[in-house]
Every structure is written in C-alpha cells, then in structure tokens.
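Take any residue in the sequence shown, count from 1 to its spot, add 11: that is its number in our numbering.
FYI, nobody ran anything at the bench for these hints, they're computed from the structure. One thing to keep in mind: the hints can contain errors.
Think about it this way: if two alpha-carbon atoms lie no more than 35 Å apart in a straight line, the pair counts; the simulated DSBU-like pairs of lysine-lysine are [stated by the list, open to error]:
no.	residue 1	residue 2
1	166	113
2	61	113
3	61	101
4	58	101
5	101	113
6	113	58
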Amino acid sequence: MARSEPQSAMRAPLDTVFGVDSNVRVLRVLAAHGGPLSSSDITRRAKLSKTGTRQGLISLEECGAIVTEGSGHSRLHRFNHDYYLAPQIKALFGAESVRFEKMLDAVRLSAGEQTPDLSSLFVYGSVARGEDRRGSDLDIGLVARQDVLAGIVEKVRGNLRQSSRSLGFTPSVVGLDLDDVSRLDRDGNPWWNSMLEDAIVLQGARPEDLAARVRERADG
12 MARSEPQSAM
22 RAPLDTVFGV
32 DSNVRVLRVL
42 AAHGGPLSSS
52 DITRRAKLSK
62 TGTRQGLISL
72 EECGAIVTEG
82 SGHSRLHRFN
92 HDYYLAPQIK
102 ALFGAESVRF
112 EKMLDAVRLS
122 AGEQTPDLSS
132 LFVYGSVARG
142 EDRRGSDLDI
152 GLVARQDVLA
162 GIVEKVRGNL
172 RQSSRSLGFT
182 PSVVGLDLDD
192 VSRLDRDGNP
202 WWNSMLEDAI
212 VLQGARPEDL
222 AARVRERADG
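Whole structure, please, built from the sequences with the hints as guidance.
Listed below in structure tokens is the structure:
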C-alpha cells in the first residue's frame, strides 16, 4: 500500500491543528472556555488521559493555536485568539454545538407543540450520556396513552425523517404506555433504571414521576 505523502505545513496547517483526536478535544475545551486553564482542568473537561492532554498541548502550542503561560505546576494554557485561523476554528466548534441543539429541537417538535396525549418525550442512551460513537442511534423514548401510542410513535418517526437526514443522525424511537411504565418501574427493569439515569426530558414529565403517579393512583 502506498504511503501518504506529507503536505505543506504552510498551505495545510489544519493537518496539524486537527491532526489527532487529542488536539481536537484540547482545542475544543480551550476555545469554549476562552480563558486560561490548567492541564488537569483540560484533562477533566476533555475526558482525555494525562498523556493525551500533554501531547495535544505540545502539538497545538507548536503550531500557534494555543498559548502557554507560567512555569512548572503553575502553567496555564489558553486558546490563541490572535492565531490566524482562530475565528474559523471557533466557528466550527460553535456550529458543532448548534447542531446538537437543533437535533434536540427537532425531537422536541416531532410530536407537535401541543400534544395533550403525550405524557413524556425524552432522549436517553449513549447520546444522552455523551458516550456515543460513529454510527450510534439517537435513542428517543415517549410515553402516551395506550390507545394513541402507536399513532404518536409513527408521527414522531415521520416528522424526524427530514431533520435526521439534514442533521445527520439516526433516530430510534421507543414508545411506552402507562402500564409499561408501571411494570418496568415495579420490576426494577435494568433497561428502565439505566434509561432514567441518562434521560434528557424534552416534553412532559420525567418517566419516574409518571411511574410515581401511577403508583399513587393504584394505592388511592
């Protein structure tokens, strides 16, 4: 297999800036924060190893994308706002954040703004935890009355077709009725418990609150 030929560092500086995962994650943290951070803060925020953070800082400082100040344990690192490509880099990370908010908005509006039969609409799973990988689905859950549940699920799926194509995500929709909620909560179902830890509610009540209401009605 032919080896890749090196490119001009002057003509293609982004090869260095975005060359490896650690560079991107360090740069994302510093660009978002705006001010100086210690390497330990960057490690925590970027969810990198200490070695990954150190390698990213060295590479980014060498190309001028970040600035390091101080010495020893008091060294602080910041995004270089005077770097030639700084505005474009910040714009890229801004677009990245806006895209995710647009995805959540698309899900939020997928059942319609006024849907009285919808008790809860939420995202959960790896995307909600921030642990998704390339190819992961966006897990979407909803709770509705049994007699209208299937129709609302199909409405959500249909309304997400266009936005999922334009924003580049694959929705996976799971519908539950109140009997499902009660049973899963009562049985301590592992999927249910895991979902509750992750759930980002976009419409209606939290699923565990719905389960509590069902219990209260049953006890009353």
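Status of the hints after comparison with the structure:
1. 166 with 113: 19 Å, holds
2. 61 with 113: The given pair, whose Cα atoms are some 33 Å apart, holds under the 35 Å limit.
3. 61 with 101: Within the cut-off at roughly 24 Å; holds.
4. 58 with 101: 20 Å, holds
5. 101 with 113: It holds: about 18 Å lies between the C-alpha atoms, which stays within 35 Å.
6. 113 with 58: 24 Å, holds
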